[in-house]
Each structure stands twice: as structure tokens, then as C-alpha cells.
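S.K.: Guided by the hints, dock chain B onto chain A, whose structure is given.
Chains as they are written, first to last, in my numbering: chain A, 6 to 115; chain B, 424 to 537.
Don't read these hints as lab results, they were simulated from the structure. Since the structure is predicted, the reported quantities are computational estimates derived from the model, not experimental observations. Please note: incorrect hints may appear among the correct ones.
Where chain A lies over chain B, by a calculated footprint (3+ residues, C-beta under 8 Å) [as the list claims (entries may be wrong)]:
1. 487-501
2. 523-531
Rough simulated footprint, nothing fancy, chain B against chain A, three-plus residues with beta-carbon under 8 Å [what the hints assert, rightly or not]:
3. 41-47
4. 77-86
5. 103-109
Note that beta-carbon positions come from the ideal geometry of N, C-alpha and C, so glycine has one too.
Letter by letter, the chains look like this.
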Amino acid sequence: GIQVEQSPPDLILQEGANSTLRCNFSDSVNNLQWFHQNPWGQLINLFYIPSGTKQNGRLSATTVATERYSLLYISSSQTTDSGVYFCAVEANSGNTPLVFGKGTRLSVIA
Amino acid sequence: GAVVSQHPSRVICKSGTSVKIECRSLDFQATTMFWYRQFPKKSLMLMATSNEGSKATYEQGVEKDKFLINHASLTLSTLTVTSAHPEDSSFYICSARGTGRTQYFGPGTRLLVL
Chain A
6 GIQVEQSPPD
16 LILQEGANST
26 LRCNFSDSVN
36 NLQWFHQNPW
46 GQLINLFYIP
56 SGTKQNGRLS
66 ATTVATERYS
76 LLYISSSQTT
86 DSGVYFCAVE
96 ANSGNTPLVF
106 GKGTRLSVIA
Chain B
424 GAVVSQHPSR
434 VICKSGTSVK
444 IECRSLDFQA
454 TTMFWYRQFP
464 KKSLMLMATS
474 NEGSKATYEQ
484 GVEKDKFLIN
494 HASLTLSTLT
504 VTSAHPEDSS
514 FYICSARGTG
524 RTQYFGPGTR
534 LLVL
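The following block holds chain A by itself, in its conformation from the complex (with noise of 0.2 Å):
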């Protein structure tokens, strides 16, 4: 099945400080998303990206299909930015779910 790989896989910022994660797939997809894993469990939807370039206020995503990577960026990062981001793809090949990578644990400290 398709792999996916997020790097790096702890992070630790500053508060203020840009950061940006990264997600490797391996094969051709149909959907990519960006989630923010609240402390509580919550899957909070980023972004779904599967081409091209998006922006959400301090956030925004980018994805190169046919190198087959994704980024996230975070700007000015606070806080409550802290927690796990994951990226997750679904392959080109009907209805089939979302497979996660392993998330990058980001912790913003003040």
C-alpha cells in the first residue's frame, strides 16, 4: 500500500518562530490532508490539498503531486499551535481511505 512519511518527527519552536513540516508519499494520490491533533484526540481538519497551494491565516499547505510531497507551513507560531500535525493521503485508485503518516509533534514554547 502506499507509504507516507513525515519528517521531522518532534519539533520544537519558539513562540514567534516560522516552521515548516514535511510529508513524502509514494505513489500517485487523489486526496491529501493536513490535520492538527488536539490534546483532547480531536483530528482538527487543516487543509485538503491534494494539488496546488492553499493559505488559512497563519497557515498554509502546499502540494507538488508529481514530486509527490507536501508542505505546511506555520508562521509566527503560538502557543496553542502545540500538539501532533498529520498528513494523510488517499491513493489514486477508487474509494479508499486515508492512510497517516506518523505526524510531527510540534511544541511552541513561550
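M.R.: Here is chain B on its own, set in the frame of chain A:
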């Protein structure tokens, strides 16, 4: 946006009992629902895919007699953990997909089996 609910949010049960978890799509019809399991500090692992009105498709290594899935309507899927044991303790998350490709996730259910 689309909303998916799960009930209960947390449950504690004795070993040997069965526990049912409900997953509902509140404002859209979900042709497909998915059940995931997450252990502490780990990623989400797919357990099964269920389409309304048909049998669920289980991932390799997931016991279908242990984890019973029913998708009786376009807005409701249930996961029943039968004869639960401590090793079944985990965080169970459902997701739902309507006509688009986006999957919407429920808030999860924490199961603790004593």
C-alpha cells in the same frame, strides 16, 4: 463544515463485557465510514471500511468477530468491541465521507478495559 459525532466520548468497562461505539454524520449523508484506532503517541491505524448496507472490509490483522461493524444507514455506523480485554483499551476514531473526497473525523472514544 461537515460534522461527525461519536458516542460515548469515553467508556470504562470490565473485562469480558461488550462495548458499542456510535458514529454519526450530523449534516451530510456518509456513503462510506472508516474506523481507526490510535495507541498513545502513535499514529492512526485503519481498522475497517464500511459502506452503507454492505459488510465492512477489515484490514489485515483486525479480527472481524472481535470488532463488529454495522453501517445500517447513511448517517450511522457502529463499532462493537465484543468480550473486551485490557489490550483493547485504546482511542477509537471514526470518519465519514460523503460525495466528495474529504474525510471528516469524529472526536474519538477512549476505551479503558479493566
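S.K.: All hints are to be evaluated individually against the structure, with a verdict given for each.
M.R.: Status of each hint after checking the structure:
{"no.": "1", "hint": "487-501", "in the structure": "violated (count 0)"}
{"no.": "2", "hint": "523-531", "in the structure": "holds (count 7)"}
{"no.": "3", "hint": "41-47", "in the structure": "holds (count 3)"}
{"no.": "4", "hint": "77-86", "in the structure": "violated (count 0)"}
{"no.": "5", "hint": "103-109", "in the structure": "holds (count 6)"}
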